[in-house]
Amino acid sequence: MRDVKKIAIPEYDAVEKAKRHTFALITAAREAIMPLTFTIHYPTERKLMPKNFRGFILFESERCINCWQCAFICPANAIRMKKAPDNRYYPTIDYAKCIFCHFCVDSCPRGALKPTKIHDVAYKDMEEMLTLTDKMIEKPEVHREDERFVDYVLGEDDATLKRERGKDDFFVEVPTPPEVRFVSRCVQPESCLGCRICEGVCESGAISSVVEDGVRKMRIDEEKCTGCGLCVKECAMQILTLVRVR
Amino acid sequence: MATARDASGASASASVAEAVSEWRVRLPEKPFKDLKYFGNLKAKVIDAGICSRCLTCAAVCPAPEGITAVDGVVFENWEEKCLDCGACVRVCPRFEYEPKSGLGEYLEILAARSKRFSGQDGAMVTEILASAIEMGIIDRAIFVGRDEAWRTTNFHLREIEQLSLKTLRGTKYCYSTALSELREAVLRSKGVGVIGTPCMVSGVKKLREEFPLFREKVKISVGLFCTENFHWEELHAFLKEKGVSFEKLVKTDITKGQFIATMTDGEVTFPVSELEEIIPSGCRVCTDFAAVDADVSVGSVGSAPGFSTVVVRSALVKEIIDYIRRNKYADFGNVMLKVVNKMVKLKKKREANIKK
Chain E
26 MRDVKKIAIP EYDAVEKAKR HTFALITAAR EAIMPLTFTI HYPTERKLMP
76 KNFRGFILFE SERCINCWQC AFICPANAIR MKKAPDNRYY PTIDYAKCIF
126 CHFCVDSCPR GALKPTKIHD VAYKDMEEML TLTDKMIEKP EVHREDERFV
176 DYVLGEDDAT LKRERGKDDF FVEVPTPPEV RFVSRCVQPE SCLGCRICEG
226 VCESGAISSV VEDGVRKMRI DEEKCTGCGL CVKECAMQIL TLVRVR
Chain G
103 MATARDASGA SASASVAEAV SEWRVRLPEK PFKDLKYFGN LKAKVIDAGI
153 CSRCLTCAAV CPAPEGITAV DGVVFENWEE KCLDCGACVR VCPRFEYEPK
203 SGLGEYLEIL AARSKRFSGQ DGAMVTEILA SAIEMGIIDR AIFVGRDEAW
253 RTTNFHLREI EQLSLKTLRG TKYCYSTALS ELREAVLRSK GVGVIGTPCM
303 VSGVKKLREE FPLFREKVKI SVGLFCTENF HWEELHAFLK EKGVSFEKLV
353 KTDITKGQFI ATMTDGEVTF PVSELEEIIP SGCRVCTDFA AVDADVSVGS
403 VGSAPGFSTV VVRSALVKEI IDYIRRNKYA DFGNVMLKVV NKMVKLKKKR
453 EANIKK
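Top line first, the protein sequences correspond to chains E and G.
Following the numbering used here, the numbering of the first sequence begins with 26 at its first residue and continues without gaps.
Following the numbering used here, the numbering of the second sequence begins with 103 at its first residue and continues without gaps.
If you're looking for bench data, these hints aren't it; they were derived computationally from the structure.
Just to be clear, a hint being listed does not mean it is correct.
Computed footprint of chain E on chain G, listed as stretches where at least three residues anywhere in the stretch have a Cβ under 8 Å from a Cβ of chain E [said to hold, decoys possible]:
no., segment
1, 121–131
2, 185–196
3, 308–315
The following residues of chain G were derived to be distant from chain E, with all beta-carbon distances above 10 Å [to be verified]:
no., residue
4, Leu205
5, Glu250
6, Lys274
7, Leu289
8, Lys350
9, Thr357
The model shown is predicted, which means the values in this text are computed figures rather than measured ones.
All residues carry an ideal CB built from backbone N, CA and C; glycine is no exception.
Work out the full structure: start from the sequences and follow the hints.
Have a look at this one:
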C-alpha cells in the first residue's frame, strides 16, 4: 500500500481559475451558436476522399496490353475479358460481384485501369451492373447534390472538422506508371515440346515458328513482345519466363 | 515446395541469364506424312495392337483434354485438336520398339520386408518411396489407389502419414494412369517418385532422355515385376464370373501360377493360365519381366512369402536402401535368383509375338 499515489485535484490560483472558467464559457457559447458536429451532412456535404480512393474503375484502352492480369487476379471473379471488334480482349467488370479491392488496378502493368472517387453507384436492375468495356472508358454520368466537402484536421489535443465550400473532383489524375519493359524468354529450350501454344496465345504476334530441315525453330521477337506474360502462363512445360530489359 | 504457376515465374531450373529468344525443337520422322503426329502414333502403335497403355504419351501431350485412356489410348478428335508437336512420338517406347529383356543392370539384389508398412509382399515399394520422402529426395510420389470396384486411381503422396490409407498399398492387376499426371506432378514439385510396370518405366526413361524437365525432376522410377496387366473391365467381369465379390475383396495376388482373390469371408483361386484369353495385345509383345529401365525393380518372385525382391539399379536408390538399413526400417532375407531368371526367360519367349 506504500506505492499508492493519491491523485489530488490541482490547486489553482485565482488568475488560473479565471482563465479556465472564461475558456469554458467561450467554448460553450461557440458550441451553442456554431456546433462543431462530426456528423457529415451527406449528401449536402461529402468527406474529402484520398486520391487513391477505391471507387468506380475507369479504363484507358490505349494503354491495355491484353495481359489478362486483371481478370486473373480479381478475387471476386468480377472481371470477364470480352473480345472487341479489333479481335483483342478487354476487361468488363460486373459490379454485382466487384468488391472494390482494386487488385486489378494495382496489378495492371500499364496503369490502364484507373481509380476514381465515385463511390455511390446506382443501378435500376442487376443486368445493368455488368459494365461493358465502352462504359468503362467513358466517364459515367455523375449526379451531384453536394455543396461542401469536409475533412478532419488533427491537432495536438483535439480533432476538428474543416468544412469547405466547393466540389471535390471525382476524376483523379493518375500518373502513368514508369514503363518497366519485360520480354518473354525460354529458360530451358531443350524441354520445349514444340506445341506452339505460346505462339497461339500471343496477342502481339511476337512468337513465331517455322519448320526447316526437320527442325522446328521457335522465335520471340523482343521488339513486338509487350511482356504481358500470357505465354509464360500457358506454356505446357513452364519453360518461359519474363525477363527485364533496359 | 510447390512451384507457383504465375506469369512471373518458371519452374525450370536454368537461370534467367541463360534464357534465349530463339531455340529449336527436334521433329521426329513421320512414317505417315499426311497424318498429324498423334495419327502416326495411332497407326504405328495403337491400331497395330502393340500399345502397352503406359500413357507416356499422355505425360507430354500439351493439348487440353488430349490423350486419355478409355478402352485403350485415345485422343478425341485428334484430327483437329492434335497440335502436331511430335512429343508423343518422341517418348512412346513402342514407336521405334526395341524390346527389353533380361534381368537388367543392377548394383545389388536383395530380399526385404518393411517393418513399418504392410503391402502385397514386403511392402518395399512403399518403404523405398516413404524413405525417399523422409530423406528429402522427393516431395511427391504418385501411388496407385483404387475405388470400391478396384478400378485404379492416382494418389499424389506428399506425407508418410497419408500411407495409412490401405487402398494405396497392394497390387492392382489393371492399368494405372499414373503417367498421365506426371507432368503436372513434376511442375508442382522439386522431386517426384513414380511406380509403374516395365512399359511405364521404359516410358519414364524416354521422358528423361528427351526432356531435361523430366530428367531433373523424376528422381525415382520404381518398376514392378510383371508378366502382364489387364483391362479393368475385362478382369472385373472375369473375376465376377468366378464368384469374386468386389465389396469384400481385400487382396489380389498371382503366385506360383495361381490367381488368388482374398475376400473378407473367403477366397477364390484359379490357375492364372485361365486369364490367357484376356491378356491385352500390348502385353503379348512385351518381353520385359524385371522392368530393366527402372531405378529399382520390386516384385514377389525370388523371395520368401511376405518378402519382396528388390533389384537396385541406380546409385540414388542404393543410398535409400542404405538409409533403410541404417534406420532398421526393414528385415533382409535371401533372394532365389534362379526363380527370377526363370520368369525373365519365360517372358522373353513373347519375342515370338513381335512382328518384324
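task = Check each numbered hint against the structure and report the violated ones by number, ascending.
result = 7
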